[in-house]
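Number of protein chains: 2
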Amino acid sequence: MNNFSAIYTDQYQLAMAQIYFNKGHKDHQAIFDYYFRKLPFNGGYAVFAGLEDLLEILAEIRFKEDDIAFLKAQGFEDKFLKYLKEFRFTGKIYSASEGDIVFPTRPILQVEATIIEAQIIETILLNLLNFQTLIATKASRIRLVAGDAGLLDFGLRRAQATGGYFATRAAMIGGFDGTSNVAAAKKFDIKVSGTMAHSFIQSYDDELEAFRDFAKGRPQDCVLLVDTYNTLKSGVPNAIRVAKEMESRGDKLLAIRLDSGDLSYFAKESRKLLDDAGLDYVKIAASNQLDEYVIKSLLEQQAPIDIFGVGTNLVTGNPDGSLDGVYKLAYSNGQPRIKISESIFKVTLPHKKQVFRMKDDHGKCIGADAISLYHEKRVEEMYHPFEPYKSMNLEKYHQEAILNKVMENGENLINKRNLKEISEYSLTRLSELPIEYKRFNNPHIYKIGVSELLREEREKLIKSSKQKLK
Amino acid sequence: MNNFSAIYTDQYQLAMAQIYFNKGHKDHQAIFDYYFRKLPFNGGYAVFAGLEDLLEILAEIRFKEDDIAFLKAQGFEDKFLKYLKEFRFTGKIYSASEGDIVFPTRPILQVEATIIEAQIIETILLNLLNFQTLIATKASRIRLVAGDAGLLDFGLRRAQATGGYFATRAAMIGGFDGTSNVAAAKKFDIKVSGTMAHSFIQSYDDELEAFRDFAKGRPQDCVLLVDTYNTLKSGVPNAIRVAKEMESRGDKLLAIRLDSGDLSYFAKESRKLLDDAGLDYVKIAASNQLDEYVIKSLLEQQAPIDIFGVGTNLVTGNPDGSLDGVYKLAYSNGQPRIKISESIFKVTLPHKKQVFRMKDDHGKCIGADAISLYHEKRVEEMYHPFEPYKSMNLEKYHQEAILNKVMENGENLINKRNLKEISEYSLTRLSELPIEYKRFNNPHIYKIGVSELLREEREKLIKSSKQKLK
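Going line by line, the protein sequences match chains A and F.
17 is the number that full-length UniProt numbering gives to position 17 of the first sequence; each next residue is one higher, with no gaps.
155 is the number that full-length UniProt numbering gives to position 155 of the second sequence; each next residue is one higher, with no gaps.
None of these hints come from the bench; they were simulated from the model.
Be a bit skeptical, because a hint or two may be false.
Given that identical chains are not distinguished, each listed pair holds provided it fits within a single copy or across any two copies.
[What the hints assert, rightly or not] No farther apart than 35 Å at their CA atoms in a straight line, the calculated lysine-lysine pairs in the DSBU-like style are these:
#1 K460 - K296
#2 K463 - K420
#3 K390 - K463
#4 K252 - K64
#5 K463 - K405
#6 K466 - K72
#7 K82 - K252
#8 K364 - K466
#9 K26 - K244
#10 K92 - K64
#11 K364 - K416
#12 K216 - K85
#13 K233 - K23
#14 K187 - K92
#15 K463 - K272
#16 K252 - K79
#17 K466 - K272
Take the sequences, apply the hints, and build the full model.
Rendered as structure tokens:
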């Protein structure tokens, strides 16, 4: 996981770290919560992604010689730099499983480490988890509407430089089948897919000749792009001719691809032409500014499209572009900590915590997570985080602890899963979620509450903080 | 520029390349145009960025041993892989200067190379130029409204993984002053900046004590975050106390930072408190979901903010998230090429071309670029690309050729400039653009036209293409 130098961080992390170091605070134990406040895409859930990359990076994170030299030139002090030279992450991490369905305002991951270590890793943690969770969520929404259709990531040309590696990885977790991105396919063991570009056809004097050469060159996975000149008058008839020639050689044309015009109309007309020619096995692939809404609409119009290639809107998480994940101090130096805010909704939760997901006897989510202090084993009554008179009885539910220890002494405790396994786990978790949380318009809100003990602890801290301000 | 393996590309580039190779077409000369169709942010211009990174990568691009092994496992043929092993980019590139102001539907960059080389580099070219041009444009818009205020990039935690390096670089080209991203600062020689996090203050029992330690630890660039508990009752008064203590040691508090609440109100109230304490030199920095619209509004309200930290909206190019830059074949194997489309606006322009920018006697842009065949030295009359009876006489204008040769035989011909130089160049170019093109609402449209010769060449190709479809 190169290119993730330990200095791939915000400068203030190192500024604060030096002060903790000089003050003798560096070994104070701290706990930070990672969570987000707002679900992306106005949706009802998110898919948590990026964890394995994070753990891999934390296990290896080091300041290299030239990083140290750069920091020295920035005015950092020698004895602190000597510490950074030996720096490694030795903390614990508790986390939801990668691929799990997650919701706002409850911890998805907790870091328990010395304050200096916890601070130094903040930026890379946010960078990895925010982005991949955003993209996995987008991919999951696309998978929801696409049913069994093939889903291919075509986004590399619109990704943020090398960010494209992680866009592709997250897309797979959310339920995509393959990618055009060769380097990401190699790195993460993903099925690589591709078709042909308009330029290939243009580079020939004749579309038919271009198709023929391509079919001979890639008999095993030939997809012909049919819209360079005229889809129904030229592209599809030429593709049919080539498909017949392939049959005579014992090969089979895999698909045609539509990349412009009204995809529903062209898919239907192309399907007719293909079927009339006895080519009902030839699939139809479509691309061009697709997202979950366009794909949903196409399928509602019964457009006979078998494979969707999704690029820009997938890898940029359009229209949101970011997940607002934050990293908040909950405990340090023997004391629970909160951040007071102008907005009550931004007041944080103190202490090491656990999150319980409530399930019925059939293993279905009932639509509530309860946050407790870490040592609590169950939550019998959960309280609205900000409205003291609202509560909900949870006695009858199965309670699943969401946060599990995934790193200790800086060592990764989880068994590495391949992306297929993470994706299947994600689909299973999503199947436990009632459909009301999955719809695109005004989805049902997944409830959150706090245990009585946690609520009391927070009240105490708010009071003493107000006391000080008087 | 590691991590940019030659396989950081779409699979179809290699699929097509193998066919060109086998067909004996690999050395056919080709010309591709890079351009975009739609200006980002509904704006009137874009800032071209990413060129130096692209040239650096193209000069070094190679397929490594393990890339070749991966491709072999994907079914690519040995003799083609042998070619890839020796692959290097040996073509020419003509380009606008990095930092120049650019507009839609005219070439910003042209690649002249063998078709196989031109195809293999397509994806990385689009990936680098689309993203950096998007972000440099966003940064430029923010600089336009921010006047002389300091602008800092705080976006790393919301960037696409390692894409954050390039987000930061592009932000500097668009006119930012510094970044919190330490690794990008090191890589691109940028001023690194940072303040403190809420967690630092929360980790102390007392805000004042936290401020004191920070001020002692960073006397040279101390910025105190004043909104952890209560901005006006606690944060600013404590900052004032610490500023006075710093004065007694001969140090100066650089700034306070506001990160929540109504920034206009808090900036004004904080300014009063600071001034009343004789601390008129202490600056006010603000952050929290800023973009060009919020900053414009804050300054219109005369909020006394000296430094803006911009994160998410900068590095994600919110709300657009991507630039729709494309790469279209204009010439191959001795023939000019076009792509016909259902939409007349998507028909491409054939041949090697030049773009002339029209200027008046004062060096001001008059709002028109003309595209000609490459050998034309001037364009006396430019024609509307799609409406045959519209034309504009250009005789009286100075005509500046925008595309210059920047790479030959795969060698970078341009003198490396630092980001400050590119950014200053960009500001100069922007100053040549009349204000009507810079406003945010319905900006004036920068005209485009084609020379008579180019128009005729395109007409011929459209006709012969229609002929074939009959």
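These are the hints, each one checked on the structure:
1. For a Cα distance limit of 35 Å, the shortest separation of K460 from K296 qualifies neither inside one copy, at 49 Å, nor across copies, at 41 Å.
2. Taking the shortest alpha-carbon separations for K463 and K420, neither the intra-copy value of 49 Å nor the inter-copy value of 50 Å comes in at or below 35 Å.
3. In the homo-oligomer, the alpha carbons of K390 and K463 lie at most 35 Å apart inside one protomer (20 Å), although the nearest pairing across protomers, at 73 Å, exceeds that limit.
4. In this assembly of identical chains, the alpha carbons of K252 and K64 lie at most 35 Å apart only when taken from different copies (33 Å versus 53 Å within one copy).
5. Taking CA atoms no more than 35 Å apart as the test, K463 paired with K405 passes inside one copy only; the shortest distance there is 32 Å, against 68 Å between copies.
6. When the C-alpha separation of K466 and K72 is checked against a cutoff of 35 Å, the pair qualifies neither within a copy, at 41 Å, nor between copies, at 67 Å.
7. Taking CA atoms no more than 35 Å apart as the test, K82 paired with K252 passes between copies only; the shortest distance there is 28 Å, against 64 Å inside one copy.
8. Taking CA atoms no more than 35 Å apart as the test, K364 paired with K466 passes in neither setting, with 42 Å inside one copy and 60 Å between copies.
9. In the homo-oligomer, the alpha carbons of K26 and K244 lie at most 35 Å apart only across protomers (28 Å), although the nearest pairing inside one protomer, at 72 Å, exceeds that limit.
10. Taking identical chains as interchangeable, the C-alpha atoms of K92 and K64 lie at most 35 Å apart only when both belong to the same chain, with a minimum of 23 Å there against 37 Å between chains.
11. When the C-alpha separation of K364 and K416 is checked against a cutoff of 35 Å, the pair qualifies only within one copy, where the shortest distance is 27 Å, while the shortest distance between copies is 60 Å.
12. In this homomeric assembly, K216 and K85 come within 35 Å of each other (Cα to Cα) only across copies, at 24 Å, whereas the closest approach inside a single copy is 57 Å.
13. For the identical chains of this complex, K233 and K23 are inter-copy neighbours only, at 27 Å across copies versus 77 Å inside a copy, given an alpha-carbon limit of 35 Å.
14. Within a single copy, K187 and K92 get their C-alpha atoms as close as 27 Å, and across copies as close as 31 Å, so both meet the 35 Å cut-off.
15. For the identical chains of this complex, K463 and K272 are inter-copy neighbours only, at 29 Å across copies versus 72 Å inside a copy, given an alpha-carbon limit of 35 Å.
16. Taking the shortest alpha-carbon separations for K252 and K79, only the inter-copy value of 25 Å comes in at or below 35 Å, while the best intra-copy value is 68 Å.
17. For the homomeric pair K466 and K272, the shortest alpha-carbon distance between copies (24 Å) is at most 35 Å, but the shortest distance inside one copy (72 Å) is not.
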